[in-house]
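Q: Below are the chains, spelled out letter by letter.
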Amino acid sequence: MNQQATFTKLYEEHGEGIKKLCLGYTGDAVLAQDLLQETFISVWNNMEQFRGDAKWSTWIFRIAVNTCLSHLRKKKEQLLDIENTTLVLLPEELNTTEQEVKLLYQCISRLPEADRIIITLVLEENTYEEIAAITGVTENNLRVKIHRIKKQLTEIYNHHAGL
Amino acid sequence: MQDFDSLKNIWRQSAPAGPAAALPSLAVSKQATGIKKKLQRQQLAGGISLVLTAALIALTTLMELFSFEHWYTYAALFMVIAICILQALLLFFTYKKIAAINVTALPAMHLQQWEAYYAFRKNQLRWNMPVYYFFLNLAMGIYFIEIFQGRHLLNILIFLAVYIAWMLFSWFYLGKKTLKKENDRLQQIMSELSAIERQLTTSE
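For the protein sequence lines, the chains are A and B, in the order given.
The opening residue of the first sequence carries number 1 in this note's numbering; numbering runs sequentially from there.
The opening residue of the second sequence carries number 1 in this note's numbering; numbering runs sequentially from there.
No wet-lab data here; the hints were simulated from the structure.
Do not take every clue at face value.
[To be verified] Here are the simulated lysine to any residue pairs, SDA-like style, with alpha carbons at most 25 Å apart:
id	chain 1	residue 1	chain 2	residue 2
1	A	K150	B	K181
2	B	K38	A	K150
3	B	K37	B	K181
4	B	K8	A	E48
5	B	K8	A	A5
6	B	K8	A	N45
7	A	K55	B	A55
8	B	K38	A	D34
Keep in mind that this is a model prediction, so the values were computed, not measured.
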């Protein structure tokens, strides 16, 4: 399989997952699209470096994580502040799946940066082993972190869904 | 009241359709995409401009478009060329430094590489501009010695007043202001990177 064919296959397999990761990280569809684009351009530019030590998915998600983390916004967003943060959706609007999804993405984007990445990988049903390989966080530490982030995200979501 | 499994169900139902389904255009990689490419392009463009400036000065001098009497005038021109070349080399070195940032490394390591780059930039900003200004003005000062010979004193004084005023304005106002702004920006980026790195490396 040549580079172009491999690249197309990788995009078809992982494009959607990466887009969701970027969307969870930014909470903004346009920005997420830019990060997706940037990620796959980095994938293309670095494909020759792939040695097969890890799975393609781990390698690509790691590039996506690095792309997201090194993306610095000009205006620093407020981090987690359950009481004072007002999300875009109003409670009466929260009646369709699409709106629930939108609220979920917005809630994720209110978490600290690394937590957004970790929880998105959890929601994408990556195993602990895979998340550890992508983020470089040890599995034991990851378990504790995930437990805390799950609790935090559920609290933020319920807080805003119940407003 | 939703639990985490309910959130997982909501997540499963989300499918970013539309533009996400389109294959990214690889032609875009040659354009302005991403902070890394943008920074690399700035350094490369700056470096090339300086090399072209140096080449132009060297060429016009060699073609004897300037027929100076004194050796020190040529030495001043040589100094300007050398300053341009050295500054260009510094920009190319910075370009290489950015290119070496590995996007496939583990996130904490990747962030450390960015931090190291910004620390390098911050340090470079401190010494680069004063050194550049000093040598450039020294070269121009020597160059003016011959240029001013035989000219009317009033013309010399007007020219020098304008030149010095511009240099003082660009050093004390534009330069210092830009430096402070850039310094603050770099410091903020470094703090943010360091905070994210801590989020990844701190045990709970």
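Q: For every hint, state whether the structure bears it out.
A: These are the hints, each one checked on the structure:
1. A distance of roughly 39 Å separates the Cα atoms of K150 (chain A) and K181 (chain B); the hinted pair therefore is violated under the 25 Å criterion.
2. Of the supplied pair hints, the one linking K38 (chain B) and K150 (chain A) is violated, its CA atoms being roughly 36 Å apart against a limit of 25 Å.
3. This hinted pair checks out: K37 (chain B) and K181 (chain B) have alpha carbons roughly 22 Å apart, not beyond 25 Å.
4. Restraint check for K8 (chain B) and E48 (chain A): not satisfied, since their Cα atoms lie roughly 35 Å apart, outside the 25 Å limit.
5. Pair hint K8 (chain B) plus A5 (chain A) does not hold up; C-alpha atoms about 33 Å apart against a cutoff of 25 Å.
6. The hinted pair formed by K8 (chain B) and N45 (chain A) fails the criterion: a straight-line CA distance of about 33 Å is larger than 25 Å.
7. Between K55 (chain A) and A55 (chain B), the direct Cα distance comes to roughly 49 Å. Violation of the 25 Å bound is thereby established for this hinted pair.
8. Of the supplied pair hints, the one linking K38 (chain B) and D34 (chain A) holds, its CA atoms being roughly 14 Å apart against a limit of 25 Å.
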